[in-house]
Amino acid sequence: MKSSKLSSTIILIVLIIGAALAFFPIYMAIINSFKTQGEIFKNILSLPTQLHFENYSQAFAKIHLFNSVKNSVIVSVVGIGGILLFASMAGYKLSRTPGKLSSALFFLFIASMLVPFHSIMISLSRVTRTLDVQGSVFGLGLIYIGLGVNMAVFLYHGFVKGIPKELEESAHMDGCGEFQTFFRIILPLLLPITVTIGILDFLWIWNDFLLPLLMLTDVNKYTLILSTNMLFGEYNKEWSLILAALVLTAIPVVIIYAFFQRFIMEGITEGAVKG
Amino acid sequence: MLKKSRNLRSMLYFVGPALLFYTLFMLIPTIGGMFYSITDWNGLNRNYSFVGFANFVEALTDDPDFINALLFTLKYVVVMVILQNVLALLLAVFIESRTRFKGFFRTIFFMPNMISLIISAFMWTFVFTQVLPQLAEKTALLFLDQSWIGDPKFSFFSIVIVSLWNGVGYMMIIYLAGLQGVPQSLKEAAVIDGANPVQTFRHITLPMISHAITICFFLTLNGAFKVFEVVFGLTGGGPGRSTQVITMNIYEEAFSNNFRYGYASAKSVILFIIILLVTLIQIRVTKRNEVEA
Numbered sequence: 001m002k003s004s005k006l007s008s009t010i011i012l013i014v015l016i017i018g019a020a021l022a023f024f025p026i027y028m029a030i031i032n033s034f035k036t037q038g039e040i041f042k043n044i045l046s047l048p049t050q051l052h053f054e055n056y057s058q059a060f061a062k063i064h065l066f067n068s069v070k071n072s073v074i075v076s077v078v079g080i081g082g083i084l085l086f087a088s089m090a091g092y093k094l095s096r097t098p099g100k101l102s103s104a105l106f107f108l109f110i111a112s113m114l115v116p117f118h119s120i121m122i123s124l125s126r127v128t129r130t131l132d133v134q135g136s137v138f139g140l141g142l143i144y145i146g147l148g149v150n151m152a153v154f155l156y157h158g159f160v161k162g163i164p165k166e167l168e169e170s171a172h173m174d175g176c177g178e179f180q181t182f183f184r185i186i187l188p189l190l191l192p193i194t195v196t197i198g199i200l201d202f203l204w205i206w207n208d209f210l211l212p213l214l215m216l217t218d219v220n221k222y223t224l225i226l227s228t229n230m231l232f233g234e235y236n237k238e239w240s241l242i243l244a245a246l247v248l249t250a251i252p253v254v255i256i257y258a259f260f261q262r263f264i265m266e267g268i269t270e271g272a273v274k275g
Numbered sequence: 276m277l278k279k280s281r282n283l284r285s286m287l288y289f290v291g292p293a294l295l296f297y298t299l300f301m302l303i304p305t306i307g308g309m310f311y312s313i314t315d316w317n318g319l320n321r322n323y324s325f326v327g328f329a330n331f332v333e334a335l336t337d338d339p340d341f342i343n344a345l346l347f348t349l350k351y352v353v354v355m356v357i358l359q360n361v362l363a364l365l366l367a368v369f370i371e372s373r374t375r376f377k378g379f380f381r382t383i384f385f386m387p388n389m390i391s392l393i394i395s396a397f398m399w400t401f402v403f404t405q406v407l408p409q410l411a412e413k414t415a416l417l418f419l420d421q422s423w424i425g426d427p428k429f430s431f432f433s434i435v436i437v438s439l440w441n442g443v444g445y446m447m448i449i450y451l452a453g454l455q456g457v458p459q460s461l462k463e464a465a466v467i468d469g470a471n472p473v474q475t476f477r478h479i480t481l482p483m484i485s486h487a488i489t490i491c492f493f494l495t496l497n498g499a500f501k502v503f504e505v506v507f508g509l510t511g512g513g514p515g516r517s518t519q520v521i522t523m524n525i526y527e528e529a530f531s532n533n534f535r536y537g538y539a540s541a542k543s544v545i546l547f548i549i550i551l552l553v554t555l556i557q558i559r560v561t562k563r564n565e566v567e568a
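Chains F and D are the protein sequences, given in the same order. Mapped onto our numbering, the consecutive letters of the first sequence carry residue numbers 1 to 275. Mapped onto our numbering, the consecutive letters of the second sequence carry residue numbers 276 to 568.
By construction, these hints were calculated from the structure, which means they are not laboratory data. Glycine is no exception: its CB is placed at the ideal position from the N, C-alpha and C atoms. Any given hint could be a false lead.
[Said to hold, decoys possible] Covered stretches of chain D, as calculated for chain F (at least 3 residues, CB under 8 Å):
no.: 1; region: 342-348
no.: 2; region: 382-391
no.: 3; region: 520-526
[What the hints assert, rightly or not] With a cut-off of at most 27 Å between alpha-carbon atoms, the simulated DSS-like pairs for lysine-lysine come out as follows:
no.: 4; chain 1: F; residue 1: 100; chain 2: D; residue 2: 462
no.: 5; chain 1: D; residue 1: 501; chain 2: D; residue 2: 562
no.: 6; chain 1: F; residue 1: 5; chain 2: D; residue 2: 377
no.: 7; chain 1: F; residue 1: 100; chain 2: D; residue 2: 278
no.: 8; chain 1: D; residue 1: 377; chain 2: D; residue 2: 279
no.: 9; chain 1: D; residue 1: 413; chain 2: D; residue 2: 428
no.: 10; chain 1: F; residue 1: 62; chain 2: F; residue 2: 42
no.: 11; chain 1: F; residue 1: 161; chain 2: F; residue 2: 42
no.: 12; chain 1: D; residue 1: 279; chain 2: F; residue 2: 165
no.: 13; chain 1: D; residue 1: 428; chain 2: F; residue 2: 237
no.: 14; chain 1: F; residue 1: 237; chain 2: D; residue 2: 413
no.: 15; chain 1: D; residue 1: 501; chain 2: D; residue 2: 428
no.: 16; chain 1: F; residue 1: 161; chain 2: D; residue 2: 462
no.: 17; chain 1: D; residue 1: 413; chain 2: F; residue 2: 42
no.: 18; chain 1: D; residue 1: 562; chain 2: F; residue 2: 161
no.: 19; chain 1: D; residue 1: 462; chain 2: F; residue 2: 5
no.: 20; chain 1: D; residue 1: 278; chain 2: F; residue 2: 165
no.: 21; chain 1: D; residue 1: 350; chain 2: D; residue 2: 562
no.: 22; chain 1: D; residue 1: 462; chain 2: D; residue 2: 350
no.: 23; chain 1: D; residue 1: 278; chain 2: F; residue 2: 161
no.: 24; chain 1: F; residue 1: 5; chain 2: F; residue 2: 100
Work the whole structure out from these sequences, hints included.
Following this line, the structure appears as structure tokens:
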């Protein structure tokens with residue numbers, strides 16, 4: 001019994017040290033974001049002697065915080081909304097329809113799931129130029145629909161199999177059309193998997209860097225991540241300003257994390273197990 | 276006949292929208308990439324001609340930068356797949372063994388994963404270039420004062436550290452879920468039979484979470500080959516091209532260097548083939564070792 005108590009203490013110590021290391025960079029970024037440049041160079045480890053909020057007001061303006069967040073929200077809402085709506089419809093229909101056409105279409109959707117983004121980005125940039133969706137925030141959201149539906153169709157397809165068919169049959173008897181049946185009866189039943197897909201796609205789209213970098217050239221249309229990337233390049237070594245911008249960029253996701261932690265973790269496990 | 280056309284129409288209504296976006300932004304670019312890989316298209320010129328497999332031959336035999344990026348990426352993949360899984364599993368087992376503060380540790384270790392990779396890389400640039408040198412100066416930990424980003428010997432480790440910091444939490448969540456599925460009765464039975472904790476872990480826990488292991492190996496393997504943001508934000512591939520990864524080599528070839536779209540497409544097809552082969556082999560191997568729960 002004594003040895004198990006000892007090992008439990010060792011585990012606790014290891015976990016505490018690990019947690020401290022994991023939190024260290026965030027802690028450093030936060031405390032130094034309130035210091036002047038000179039104070040950072042002198043006392044990087046100590047708490048700020050005085051809170052310099054002007055770093056934040058400066059960073060706020062330099063990354064056009066409101067505008068960047070607005071752009072990120074538009075991209076996420078268009079992308080996630082489109083993925084959830086279109087993929088649930090397609091996944092449901094393909095799962096319920098027997099036959100060659102249906103299985104061929106399903107295979108077509110999932111065939112690309114292993115293709116890395118870097119293998120399509122070159123011709124994607126050409127396609128989007130031709131279609132004139134390049135350079136627009138709304139257009140970027142549309143591109144995410146195209147990139148995200150394969151995984152979502154796959155997950156919906158599997159989930160629908162677990163819903164009894166009798167529900168639709170009785171709805172059909174009551175004179176419900178196919179669309180009505182789907183939107184009134186099936187869609188609410190898909191809520192658990194919809195939450196999972198929504199969370200996974202939010203984390204992907206909100207934090208994505210390379211696609212917006214390739215698609216957006218106008219500073220006014222930059223997403224939050226792109227604006228911060230630009231600031232990092234322009235104000236190289238002005239750490240007080242950069243750190244304030246990094247903290248500002250991280251705040252929205254940390255707030256979402258605080259509220260939805262349980263759903264996020266469940267979503268990851270669900271998505272992983274099904275995928 | 277009438278029924279058939281009605282079925283087709285409803286198929287079109289339900290599947291059509293998803294299929295349209297998918298075709299435009301995923302299918303056409305995928306096929307397009309393969310098509311351009313056998314041309315000499317340079318992105319600016321409308322005209323191009325077919326060059327067969329010349330791009331592939333050039334990439335694999337006459338492009339030291341690409342080969343170096345490939346080897347650097349492979350090294351990164353091996354180190355990442357091992358360390359990310361070992362650390363994540365270790366953390367999961369440790370956290371699961373505790374009765375109190377489970378939620379607290381889970382929250383802390385997962386938090387870095389919420390922060391975008393490029394932002395993580397910037398945050399760590401501050402740690403590597405400002406915090407660690409000062410820390411070394413003020414304490415006796417002189418080994419911390421290295422050129423973490425400027426010296427290729429160390430920048431490999433910096434890249435791995437940031438990737439682990441960001442990625443371990445995600446795998447830990449999946450392992451935690453796997454561990455919660457191991458029936459307590461099995462472990463108790465093993466203890467009664469005289470198994471020590473290591474034996475119990477080796478012969479009960481590991482086989483019972485083999486499905487989680489398959490998933491995590493798949494995710495880490497896949498993710499590691501596609502590494503981009505961390506390197507982009509931390510070293511930019513430098514100094515020189517010493518820390519350039521494949522994705523970055525493709526990016527540079529297509530968008531910031533000489534706009535050889537056809538040639539860059541060939542490189543991206545090579546990347547796809549490598550990922551496809553490696554993951555298929557991995558899934559076969561780990562699936563074979565899976566145990567039905």
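Hint-by-hint comparison with the structure:
For the region 342-348 of chain D, the assignment as covered by chain F is violated, since 0 residues bring a beta-carbon within under 8 Å of that chain's beta-carbons and 3 are needed. Three residues within the 8 Å Cβ limit are the bar, and the region 382-391 of chain D against chain F gives 9, so the coverage statement holds. Using a Cβ-Cβ cut-off of 8 Å, 4 residues of the region 520-526 of chain D lie near chain F, which meets the minimum of three, so the contact claim holds. A distance of roughly 47 Å separates the Cα atoms of residue 100 of chain F and residue 462 of chain D; the hinted pair therefore is violated under the 27 Å criterion.
Between residue 501 of chain D and residue 562 of chain D the CA atoms are separated by roughly 23 Å; this keeps the pair inside 27 Å, and the hint holds. A threshold of 27 Å between alpha carbons decides the hint, and for residue 5 of chain F with residue 377 of chain D the separation of about 17 Å falls inside it, so the pair holds. Simply put, residue 100 of chain F and residue 278 of chain D have alpha-carbon atoms about 17 Å apart, close enough for the 27 Å limit, and the pair holds. For the proposed pair residue 377 of chain D and residue 279 of chain D, the alpha carbon gap of about 57 Å is over 27 Å, so the pair is violated.
Restraint check for residue 413 of chain D and residue 428 of chain D: satisfied, since their Cα atoms lie roughly 24 Å apart, inside the 27 Å limit. Restraint check for residue 62 of chain F and residue 42 of chain F: satisfied, since their Cα atoms lie roughly 26 Å apart, inside the 27 Å limit. At most 27 Å may separate the alpha-carbon atoms for a hinted pair to count; residue 161 of chain F and residue 42 of chain F exceed this at roughly 63 Å. The suggested pairing of residue 279 of chain D with residue 165 of chain F holds, with an alpha-carbon distance near 21 Å, which does not exceed 27 Å.
Between residue 428 of chain D and residue 237 of chain F the alpha-carbon distance is near 23 Å, which keeps this suggested pair within the 27 Å criterion. Between residue 237 of chain F and residue 413 of chain D the CA atoms are separated by roughly 21 Å; this keeps the pair inside 27 Å, and the hint holds. For the proposed pair residue 501 of chain D and residue 428 of chain D, the alpha carbon gap of about 22 Å is at most 27 Å, so the pair holds. For the given pair, residue 161 of chain F sits about 34 Å from residue 462 of chain D by alpha-carbon distance, which is inconsistent with the 27 Å threshold.
With a C-alpha separation of about 11 Å, the suggested pairing of residue 413 of chain D with residue 42 of chain F holds against the 27 Å cut-off. A distance of roughly 23 Å separates the Cα atoms of residue 562 of chain D and residue 161 of chain F; the hinted pair therefore holds under the 27 Å criterion. Proposed proximity of residue 462 of chain D and residue 5 of chain F is supported: the alpha carbons are some 18 Å apart, at most 27 Å. Between residue 278 of chain D and residue 165 of chain F, the direct Cα distance comes to roughly 20 Å. Compliance with the 27 Å bound is thereby established for this hinted pair.
With a C-alpha separation of about 24 Å, the suggested pairing of residue 350 of chain D with residue 562 of chain D holds against the 27 Å cut-off. Between residue 462 of chain D and residue 350 of chain D the CA atoms are separated by roughly 37 Å; this puts the pair beyond 27 Å, and the hint is violated. In summary, the hint linking residue 278 of chain D to residue 161 of chain F is supported, as the alpha carbons are separated by about 24 Å, within the 27 Å threshold. In summary, the hint linking residue 5 of chain F to residue 100 of chain F is not supported, as the alpha carbons are separated by about 61 Å, beyond the 27 Å threshold.
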